[in-house]
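Visitor: Chain by chain, the residues:
Protein chains: 2
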Amino acid sequence: MMSEVSPHDSAPLEREKTNITYSYEGVIGWKSVRYLRPFRGMYHDVRRRLPHYWSDIRDAWDYRTVPSIVRMYFVNILPAIAYTMDMYRRTGEFYGINEGLFSSALAAMIFSLFSAQPLTIVGITGLISLFNYTIFDIINIYDPSIYPSFMCWTAIWAAIFHWIAAICNVCDYMRYVTDFSSEAFGMYVGIIYCIKGVEELVNEFTTHGRDAGYLACLIAILYFLTIYGLEKLGASTIWKASVRGLIADYAYPLGTLFWVGFAHFPGNLKSTHIGFIPVTRAFYPTQDRGWLIHFWDLEVKWVFVALPFGFLTMLLFYYDHNISSLTAQARQFPLKKPSGFHWDFFLLGCTTFIAGIIGIPMPNGLVPQAPVHTDSLTVYETELRVIPTEEGEGAELRRPVVKAKAVVEQRVSHFIMGLGIIGTMTGPLLVVLHTMPTAIFAGVFFTVGWGSIESNSMLKKAIFLMQESRFIQRDEPLLSIRKRKILLFIGLQGLGVAATVAISQTIAAIGFPILIILLIPLRVWALPRWFSEKELDVLDDLTADNSAVLRSLGGPPKFPGQTELAHEGLARRYSEQRSGVPRQRAGSITR
Amino acid sequence: MMSEVSPHDSAPLEREKTNITYSYEGVIGWKSVRYLRPFRGMYHDVRRRLPHYWSDIRDAWDYRTVPSIVRMYFVNILPAIAYTMDMYRRTGEFYGINEGLFSSALAAMIFSLFSAQPLTIVGITGLISLFNYTIFDIINIYDPSIYPSFMCWTAIWAAIFHWIAAICNVCDYMRYVTDFSSEAFGMYVGIIYCIKGVEELVNEFTTHGRDAGYLACLIAILYFLTIYGLEKLGASTIWKASVRGLIADYAYPLGTLFWVGFAHFPGNLKSTHIGFIPVTRAFYPTQDRGWLIHFWDLEVKWVFVALPFGFLTMLLFYYDHNISSLTAQARQFPLKKPSGFHWDFFLLGCTTFIAGIIGIPMPNGLVPQAPVHTDSLTVYETELRVIPTEEGEGAELRRPVVKAKAVVEQRVSHFIMGLGIIGTMTGPLLVVLHTMPTAIFAGVFFTVGWGSIESNSMLKKAIFLMQESRFIQRDEPLLSIRKRKILLFIGLQGLGVAATVAISQTIAAIGFPILIILLIPLRVWALPRWFSEKELDVLDDLTADNSAVLRSLGGPPKFPGQTELAHEGLARRYSEQRSGVPRQRAGSITR
Numbered sequence: 001m002m003s004e005v006s007p008h009d010s011a012p013l014e015r016e017k018t019n020i021t022y023s024y025e026g027v028i029g030w031k032s033v034r035y036l037r038p039f040r041g042m043y044h045d046v047r048r049r050l051p052h053y054w055s056d057i058r059d060a061w062d063y064r065t066v067p068s069i070v071r072m073y074f075v076n077i078l079p080a081i082a083y084t085m086d087m088y089r090r091t092g093e094f095y096g097i098n099e100g101l102f103s104s105a106l107a108a109m110i111f112s113l114f115s116a117q118p119l120t121i122v123g124i125t126g127l128i129s130l131f132n133y134t135i136f137d138i139i140n141i142y143d144p145s146i147y148p149s150f151m152c153w154t155a156i157w158a159a160i161f162h163w164i165a166a167i168c169n170v171c172d173y174m175r176y177v178t179d180f181s182s183e184a185f186g187m188y189v190g191i192i193y194c195i196k197g198v199e200e201l202v203n204e205f206t207t208h209g210r211d212a213g214y215l216a217c218l219i220a221i222l223y224f225l226t227i228y229g230l231e232k233l234g235a236s237t238i239w240k241a242s243v244r245g246l247i248a249d250y251a252y253p254l255g256t257l258f259w260v261g262f263a264h265f266p267g268n269l270k271s272t273h274i275g276f277i278p279v280t281r282a283f284y285p286t287q288d289r290g291w292l293i294h295f296w297d298l299e300v301k302w303v304f305v306a307l308p309f310g311f312l313t314m315l316l317f318y319y320d321h322n323i324s325s326l327t328a329q330a331r332q333f334p335l336k337k338p339s340g341f342h343w344d345f346f347l348l349g350c351t352t353f354i355a356g357i358i359g360i361p362m363p364n365g366l367v368p369q370a371p372v373h374t375d376s377l378t379v380y381e382t383e384l385r386v387i388p389t390e391e392g393e394g395a396e397l398r399r400p401v402v403k404a405k406a407v408v409e410q411r412v413s414h415f416i417m418g419l420g421i422i423g424t425m426t427g428p429l430l431v432v433l434h435t436m437p438t439a440i441f442a443g444v445f446f447t448v449g450w451g452s453i454e455s456n457s458m459l460k461k462a463i464f465l466m467q468e469s470r471f472i473q474r475d476e477p478l479l480s481i482r483k484r485k486i487l488l489f490i491g492l493q494g495l496g497v498a499a500t501v502a503i504s505q506t507i508a509a510i511g512f513p514i515l516i517i518l519l520i521p522l523r524v525w526a527l528p529r530w531f532s533e534k535e536l537d538v539l540d541d542l543t544a545d546n547s548a549v550l551r552s553l554g555g556p557p558k559f560p561g562q563t564e565l566a567h568e569g570l571a572r573r574y575s576e577q578r579s580g581v582p583r584q585r586a587g588s589i590t591r
Numbered sequence: 001m002m003s004e005v006s007p008h009d010s011a012p013l014e015r016e017k018t019n020i021t022y023s024y025e026g027v028i029g030w031k032s033v034r035y036l037r038p039f040r041g042m043y044h045d046v047r048r049r050l051p052h053y054w055s056d057i058r059d060a061w062d063y064r065t066v067p068s069i070v071r072m073y074f075v076n077i078l079p080a081i082a083y084t085m086d087m088y089r090r091t092g093e094f095y096g097i098n099e100g101l102f103s104s105a106l107a108a109m110i111f112s113l114f115s116a117q118p119l120t121i122v123g124i125t126g127l128i129s130l131f132n133y134t135i136f137d138i139i140n141i142y143d144p145s146i147y148p149s150f151m152c153w154t155a156i157w158a159a160i161f162h163w164i165a166a167i168c169n170v171c172d173y174m175r176y177v178t179d180f181s182s183e184a185f186g187m188y189v190g191i192i193y194c195i196k197g198v199e200e201l202v203n204e205f206t207t208h209g210r211d212a213g214y215l216a217c218l219i220a221i222l223y224f225l226t227i228y229g230l231e232k233l234g235a236s237t238i239w240k241a242s243v244r245g246l247i248a249d250y251a252y253p254l255g256t257l258f259w260v261g262f263a264h265f266p267g268n269l270k271s272t273h274i275g276f277i278p279v280t281r282a283f284y285p286t287q288d289r290g291w292l293i294h295f296w297d298l299e300v301k302w303v304f305v306a307l308p309f310g311f312l313t314m315l316l317f318y319y320d321h322n323i324s325s326l327t328a329q330a331r332q333f334p335l336k337k338p339s340g341f342h343w344d345f346f347l348l349g350c351t352t353f354i355a356g357i358i359g360i361p362m363p364n365g366l367v368p369q370a371p372v373h374t375d376s377l378t379v380y381e382t383e384l385r386v387i388p389t390e391e392g393e394g395a396e397l398r399r400p401v402v403k404a405k406a407v408v409e410q411r412v413s414h415f416i417m418g419l420g421i422i423g424t425m426t427g428p429l430l431v432v433l434h435t436m437p438t439a440i441f442a443g444v445f446f447t448v449g450w451g452s453i454e455s456n457s458m459l460k461k462a463i464f465l466m467q468e469s470r471f472i473q474r475d476e477p478l479l480s481i482r483k484r485k486i487l488l489f490i491g492l493q494g495l496g497v498a499a500t501v502a503i504s505q506t507i508a509a510i511g512f513p514i515l516i517i518l519l520i521p522l523r524v525w526a527l528p529r530w531f532s533e534k535e536l537d538v539l540d541d542l543t544a545d546n547s548a549v550l551r552s553l554g555g556p557p558k559f560p561g562q563t564e565l566a567h568e569g570l571a572r573r574y575s576e577q578r579s580g581v582p583r584q585r586a587g588s589i590t591r
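Protein chains in written order, with the UniProt record's numbering: chain A, 1 to 591; chain B, 1 to 591.
Chain A extracted, bound-state conformation (with noise of 0.2 Å):
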């Protein structure tokens, strides 16, 4: 498995070469006005990515395209259903299984062959559920029969604010997002995940009755067990490194099979009536109607009402979406192909359309889950560092270091999940669907926050807090700074989780990423007069560190007041100089 290093460096263009051309570095005037050139994101976008596509698809023979293919599968369509099952309870049933597949199909499809980065998986994310259902408690205030065409408007809405947003070279204004607001969105999500996990365990005591619950429990914490610990052991230095790349590889779909298995062993566990997934004929929407929603059947006042709730999608996917996107090539993988922003926002906005025009959840990408797919794809080797130390003849410390060879850049296994997501809405396969307990949905929940959870900074700079500080390797960055500034970074981005968490339990959620995107300017104007530049260097860092995605968003952003931005994110740095590179566990937004 780690032999074979794959053959992107056989791709024809330089990226350096292609990468160049879009920059505004030394325009002045109007000229320097992003938003004022249109199509010159998209334009650029396009034309660094088309002259890849052939090797897109010649570099997917490759052993790693396999395993990705089984993790993305399982790693997207898990959460997705779950989110599905949630948004069916809670939008009157009008969104169901088959909905929830068709979107993550749709949206894999397009994106696969179509985008300019196809290693964004986009899909059914817990956020857009969220957003479903909120609108749906508005709109059952007045009248729930007009949900499925408000939708359809509001979708409508959100895609023509997706063009515009695309077309006016707006998606490079993510240049200025750093880790401070997206590893305090990255906590939110995997909070929000956790806490749907609970929901979907309360549920089950709400409608199988007591002893389904706690059987529901029992599978889903050893379910979250079993993929916990799996993963640890993949992560570990037992049996070889071939074996351990097995177990990290197919941990969700082995994990899956077994409590999936265990819910239908013959006894009490088989007569226990716990919830099974819910599914409807195959290929036909939940609910007794076309594909097509008859929007033009909205009366004029409610299409307006939708332009807000279109323009907030808008903003949650800008925000989302590009943020996968930006995970998904961060500078720990050394990626070798050009992204593209701009393109791909555009391309978003088309599936938005699409979606809603036939009643499905919207898909975007999917930030717990993004790198996943990268990491995925990516050739690690276990190298050995041996650490000399000053005790006597010999002595020695021995380390393994995860090093990062190579990605396998491609659009296959992007296609190739999708096809299985097509298959799976076929008949038979709903049946197979139909025998996996919805407890397993709470334990994936809890598999994917917590991972966000364990893995983000903001915990690992609180547990530095509390760390008897005589045990601290003296190199550590944080060190240098007071430790009353650390506690105000990670409190400001706490405050920014807890507002955030507590509106998404309101009917207020849908101003949920008006809360998160404020975080940016917060970042940009307000922390430079609390924290010295050398602090904000230690305790903060680009989200879009890849120096090639930085050139597809026009060059690295000017922060008022900073000189230059080279020493960013030195604690991070400093981590994976010492013990390499983790691998991406399922859902961490952070590495």
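None of these hints come from the bench; they were simulated from the model.
Just so we're clear, the structure is a prediction, and the values are computed from it rather than from any experiment.
We treat Cβ as the ideally placed atom computed from N, Cα and C, and that holds for glycine.
One thing to keep in mind: the hints can contain errors.
Unchecked claim - With beta-carbon atoms standing in for the labels, derived distance ranges: (1) Lys232/A <-> Phe265/B: 26 to 36 Å; (2) Gly261/A <-> Phe265/B: 24 to 34 Å; (3) Phe265/B <-> Leu397/A: 47 to 57 Å; (4) Thr207/B <-> Gly261/A: 23 to 33 Å; (5) Pro253/B <-> Gly427/A: 52 to 62 Å; (6) Gly261/A <-> Phe114/B: 53 to 63 Å; (7) Ile514/A <-> Phe265/B: 36 to 46 Å; (8) Ile472/A <-> Phe265/B: 52 to 62 Å; (9) Gly261/A <-> Val300/B: 56 to 66 Å; (10) Phe114/A <-> Arg474/B: 48 to 58 Å; (11) Lys483/A <-> Phe283/B: 54 to 64 Å; (12) Asp137/A <-> Phe265/B: 23 to 33 Å; (13) Leu225/A <-> Arg281/B: 37 to 47 Å; (14) Phe265/B <-> Leu225/A: 16 to 26 Å.
Unchecked claim - One-sided excerpt, in silico: chain B residues whose CB lies under 7 Å from chain A: (15) Asp211; (16) Tyr214; (17) Asn268; (18) Ile387.
Once you have looked at the hints, place chain B on chain A.
Guide: Just chain B now, kept in the frame of chain A:
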């Protein structure tokens, strides 16, 4: 907590001076045959320890005594209750909670006041429970009504064999016990504990129905994770050493309090009728009888049938009690006061006799919990070890190393714990006991059992074999011998464990002490044929490794064909030197 170094150095007599008296060094002829010199061991045990009696009380004025009492109360009484419930179900309800508590209290009183080594906690073990219900199964075939008298005679015979063994200095042979058999025994005990935990949960399903069963599983698993997590936290470098110490000290009370409360939450939890500890009228036997067993009513033939059972009981206690005493005085604890195996074994004969004639379970040394008492009395200090590396200016590694500074050696903690158990026997506290769900006890079984398995060096050697060898530190002693020899060693141990576990599930279970004890001659006579002296040096170690303990056993053993023993246990010593003394988790026989 770390500051008060206890005042045992004030012990009036040097242990060196008193210990030297019991030795067979240079003795020849019939005088060197140990069993021909009755009372010699017991006499010296008392002579050595008696001068320390006053200091055993005075030295107790130390903070460490407090957490020690709390921790031992929980670690002793929770498994005892669990085993008693097991016996209650499987001995026709002859042994109940009152009998179990009485036995624990009796043992604590006698051993805290009169033993030569009050660190060894004596109580109800899983093995005596196994013994008692296996005898019930056998007697049940003939006439269940004679069970109480039969058990009484078994105890009387056992007591007689105890006294003979103690008088004839038979405990001296314990010096031949090595980790080969004692770790196989630790593994066996750990596995039996886990099996008991599962049986407890299965019983919940059969007696209280499905929802109670599932809830019990949930509580047991979460209880296990709570204690395990708290103990891991206590061993980390988070917070100050004193706070960590508190967490480690009170992990059991905290976890138990929380999960008992959890089971009483109103709503689903409260209305699920899980099982609670069955209690009867305080201070009265569970069955309608007087405390004295009418053993004189038993037919003479049954009296003699009880003889071999009594012998097997003695064999079990000989191994079990002395091993627990040895592990409580392992080399890693800096003990200063002398021990006395012969006297304590005589005393065990007395408790066995009393337990027999009043019809309570026979107590003996608690194997996995024994070192926990010494550990709870040990003053640990986490020191910083800075390892300079050869990586540039000022490069270094910082590592916490736990050092055992002193042990608060006294008999007061044992005594007050015993008073606590007597208190628990009273009416009001029996009511409190009745609020505890039996599921907690399944959790206790898992915690204690897994503790014994996780820290077992059989497992550590197995992990060593599986590890990718390039990441193993070069100075690891196990690297110096061939892998298949390690495999053979743990294979032989594993065979012993498997045979013992298997026999424990049958009516032949009472024979298991024979199997365990057979491992000692196997080690002494057979292993030197298959392993070189050097290999055994690395793989094995004396269980009685504390030189003060060896003095009480009449000097170090002489293995046939072995020139010297000084280098045994290289692997363990190596690990201690690297990372210090591990804190003793509840339930680890090995260090």
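Visitor: Each hint: holds or not?
Guide: The hints, checked one at a time:
1. Lys232/A <-> Phe265/B: 26 to 36 Å: For Lys232/A and Phe265/B the Cβ distance comes to about 32 Å; the hint holds.
2. Gly261/A <-> Phe265/B: 24 to 34 Å: The hint (24 to 34 Å, Cβ to Cβ) holds, given that Gly261/A and Phe265/B are roughly 32 Å apart.
3. Phe265/B <-> Leu397/A: 47 to 57 Å: holds, 49 Å
4. Thr207/B <-> Gly261/A: 23 to 33 Å: For Thr207/B and Gly261/A the Cβ distance comes to about 28 Å; the hint holds.
5. Pro253/B <-> Gly427/A: 52 to 62 Å: holds, 57 Å
6. Gly261/A <-> Phe114/B: 53 to 63 Å: holds, 57 Å
7. Ile514/A <-> Phe265/B: 36 to 46 Å: holds, 38 Å
8. Ile472/A <-> Phe265/B: 52 to 62 Å: Roughly 40 Å apart at Cβ, these two residues miss the hinted range, so it is violated.
9. Gly261/A <-> Val300/B: 56 to 66 Å: holds, 58 Å
10. Phe114/A <-> Arg474/B: 48 to 58 Å: holds, 54 Å
11. Lys483/A <-> Phe283/B: 54 to 64 Å: About 57 Å separates the Cβ atoms of Lys483/A and Phe283/B, which means 54 to 64 Å holds.
12. Asp137/A <-> Phe265/B: 23 to 33 Å: holds, 29 Å
13. Leu225/A <-> Arg281/B: 37 to 47 Å: holds, 43 Å
14. Phe265/B <-> Leu225/A: 16 to 26 Å: holds, 23 Å
15. Asp211: This interface hint holds because 4 Å falls under the 7 Å limit.
16. Tyr214: holds, 3 Å
17. Asn268: Holds, because the Cβ-Cβ distance from Asn268/B to chain A comes to roughly 6 Å (cut-off 7 Å).
18. Ile387: Where the cut-off is 7 Å and the nearest Cβ of chain A is about 5 Å from Ile387/B, the hint holds.
When the structure is compared with the earlier hints, a violation turns up for hint 8 alone.
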